[in-house]
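If you want the building blocks of each chain, they are given just below.
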Amino acid sequence: MFFSGFISTEKELAMNFSGKYWFLILLLLTVSCVDNLLVMSQIVSPGYALIIALTASLTGWAWLMKSIKNDQQQITACLRNPELVRPEIQRKNFYGSVFAEAIHKMEESDTELSTTNQVKTMLKARVNSLLKKEALVESVLDNLETGILIFGAKQELEFTNRVANSFLITASDQDHTTSDSSLSLGKPAVEKTVIPELAKLLAKTIERKEATLSRRTEFEFTCNGVTNQYRAIATNLSDENHGALGTVVVVENIGEEADEKTQHAEFVSSVAHELKTPMSGIKAYIEMLLDGDCEPDEAEELYGFINDQIDRLTRLVNSMLNLARIESGVVEIKRHDHELNDILKTAADVISPTATEKDITFTAELSDMYLPVFVDKDMLGQAIINLLSNAVKYTPNGREVRLRSRMEDTSAVIEVRDTGMGIPENSLPHIFDRFYRVPENNRSAAGTGLGLALVHFIVTNVHNGSISVQSKVDEGTCFTVTIPLGHKEQKRKKQLAPPANA
Amino acid sequence: MNHLIYICDDDSHIVRAISMKLRKAGFEVECFPNGFECWEKAREQAPHMIITDLQMPLMNGLELCEKIRELETTRSIPITLLTGKGFEFDHNEYMQKLKITNVMVKPFSPKKLLTQVQESLNLTNDVIG
Numbered sequence: 000m001f002f003s004g005f006i007s008t009e010k011e012l013a014m015n016f017s018g019k020y021w022f023l024i025l026l027l028l029t030v031s032c033v034d035n036l037l038v039m040s041q042i043v044s045p046g047y048a049l050i051i052a053l054t055a056s057l058t059g060w061a062w063l064m065k066s067i068k069n070d071q072q073q074i075t076a077c078l079r080n081p082e083l084v085r086p087e088i089q090r091k092n093f094y095g096s097v098f099a100e101a102i103h104k105m106e107e108s109d110t111e112l113s114t115t116n117q118v119k120t121m122l123k124a125r126v127n128s129l130l131k132k133e134a135l136v137e138s139v140l141d142n143l144e145t146g147i148l149i150f151g152a153k154q155e156l157e158f159t160n161r162v163a164n165s166f167l168i169t170a171s172d173q174d175h176t177t178s179d180s181s182l183s184l185g186k187p188a189v190e191k192t193v194i195p196e197l198a199k200l201l202a203k204t205i206e207r208k209e210a211t212l213s214r215r216t217e218f219e220f221t222c223n224g225v226t227n228q229y230r231a232i233a234t235n236l237s238d239e240n241h242g243a244l245g246t247v248v249v250v251e252n253i254g255e256e257a258d259e260k261t262q263h264a265e266f267v268s269s270v271a272h273e274l275k276t277p278m279s280g281i282k283a284y285i286e287m288l289l290d291g292d293c294e295p296d297e298a299e300e301l302y303g304f305i306n307d308q309i310d311r312l313t314r315l316v317n318s319m320l321n322l323a324r325i326e327s328g329v330v331e332i333k334r335h336d337h338e339l340n341d342i343l344k345t346a347a348d349v350i351s352p353t354a355t356e357k358d359i360t361f362t363a364e365l366s367d368m369y370l371p372v373f374v375d376k377d378m379l380g381q382a383i384i385n386l387l388s389n390a391v392k393y394t395p396n397g398r399e400v401r402l403r404s405r406m407e408d409t410s411a412v413i414e415v416r417d418t419g420m421g422i423p424e425n426s427l428p429h430i431f432d433r434f435y436r437v438p439e440n441n442r443s444a445a446g447t448g449l450g451l452a453l454v455h456f457i458v459t460n461v462h463n464g465s466i467s468v469q470s471k472v473d474e475g476t477c478f479t480v481t482i483p484l485g486h487k488e489q490k491r492k493k494q495l496a497p498p499a500n501a
Numbered sequence: 000m001n002h003l004i005y006i007c008d009d010d011s012h013i014v015r016a017i018s019m020k021l022r023k024a025g026f027e028v029e030c031f032p033n034g035f036e037c038w039e040k041a042r043e044q045a046p047h048m049i050i051t052d053l054q055m056p057l058m059n060g061l062e063l064c065e066k067i068r069e070l071e072t073t074r075s076i077p078i079t080l081l082t083g084k085g086f087e088f089d090h091n092e093y094m095q096k097l098k099i100t101n102v103m104v105k106p107f108s109p110k111k112l113l114t115q116v117q118e119s120l121n122l123t124n125d126v127i128g
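As they're listed, the protein sequences go chains V and Z. Everything in the first sequence is counted per numbering that gives the first Met the number 0, starting at 0 for the first residue and increasing by one. Everything in the second sequence is counted per numbering that gives the first Met the number 0, starting at 0 for the first residue and increasing by one.
If you're looking for bench data, these hints aren't it; they were derived computationally from the structure. Please note that the accuracy of each hint is not assured.
[Stated by the list, open to error] Pairs of lysine-lysine residues, derived as DSS-like cross-links and limited to a Cα-Cα distance of at most 30 angstroms, are as follows:
id, chain 1, residue 1, chain 2, residue 2
1, Z, Lys66, V, Lys357
2, V, Lys282, Z, Lys84
3, Z, Lys111, V, Lys123
4, V, Lys260, Z, Lys96
5, V, Lys275, Z, Lys96
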């Protein structure tokens, strides 16, 4: 759109140009008609008429040649000095100088192009292809997640992509809106200024361009009510002759990165706490034993406690290692044919002493049917134990926890239902995330935020099953796991059997 | 009269170890699994001292300290805070703000804890005898 002025000038010239042809032809026709009339009416002799006609056509031809030359000079002048014709490009657009340069070069190299028509066609093609490229570059920039702001050599804002538009402040004294134009390219720089954080960075980068080409800064910025952490990198741009072209500022949202860091720090802190608790118990007991504080029967009891605490530490370390190994694929998955209820029974046996300790009624209502599954027994067992131990952990003393199994179409369904404190709705989408802990329930029991992540991984990634959760605060939570039914090994053995017998 | 001490930790083994140590030293001890229960009891009967864990369900150690410092009858009793946290926890800040007498980092020595309890209550071994 910025070169429409140019095109119209060009069109005007073209119109003039063809108009001149038509004028000349009309003139010659008129002259020959008049000539004929004169000869027919015998006013002039044919010799004179011929001379008149010749003179008229020669004069016309000379006039045409002259005007063509004139036009050509005019166009060449325009090409030589693009700023004269299109000052708006230089002022508005970053690519303006690129266009001017391209046109100039083309004009110089293509000396054999003698007619303005050829130049015109070339220019049109050139302008079109450049326009397409520009639209492409702009749409690419607009679809980037990172904000890009380009400043000219005089620190004026030349370009912002879609994301970077949020870092602009509209100067209050400007009432003129440019919302009709989706192209931020053409917007005059006066209208908008960047936020103070970026302005400061820009000023420093330009000021210290001798020392380093780029500078970075991190800042917090609120846009549409959402506060995020951003990192901005400003780089000075220069052409091949080290002349300053301007500065580009790239702004990245590092909110997720920062979140990950915090999550990791929290995870390490919670792991440390989990490890330190049993260690404190062990240390306290051992010191008392060393000091001879206890009677022999008390000492016996303390040794038992120490043993338990060490088991607890081992379990904790193992579960962390397990998750790391299973997730990274180091552990070999050993899927075999099993009966699901057998696995569930084993898991139930592991968990029922803990439930009894908390005075929780733990019931296993297992299906009467034989549920054939092709699973890694230890892994699936671990997943069920994790679910059950969570259920027991987050259920207050005296209430109940239920483990159920049933057959449904082509899957085996396992249900772990508790009558505990429940999970608030806004936490439900996150409960299978690593390190995530429900903030409301965080304090009611110790945990690493790894248990459900491991369950999810084992059920979905290892066993092609699915897991879902329903929960109501203060009423309880129900985890439903589905595992595809069917043995796989027997089929294979049967297939292999005949050739073995033969 | 024996000194009454409230011990507050969600880990039963830590509570057991501390209470054994303190009872043997002649203190009267009462144990709570979280800050809330301890506070409820402290409102009824103010102890001479409170030993509490930092991270606990329902009400954590810091919240408990705040409540204790708000209550007239318990405002000036010594508090020892047990914590599993290291440098991510600013000891000095909390010690000043909530007037926590001592901070002990887990794993801790029950013997040292006993000494600190005795110091906080201005006792010497002779008196307890």
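Going down the list of hints, with the structure as the test:
no.	hint	verdict
1	Lys66/Z x Lys357/V	29 angstroms, holds
2	Lys282/V x Lys84/Z	17 angstroms, holds
3	Lys111/Z x Lys123/V	89 angstroms, violated
4	Lys260/V x Lys96/Z	29 angstroms, holds
5	Lys275/V x Lys96/Z	26 angstroms, holds
Hint compliance for this structure: hint 3 is the single one not met.
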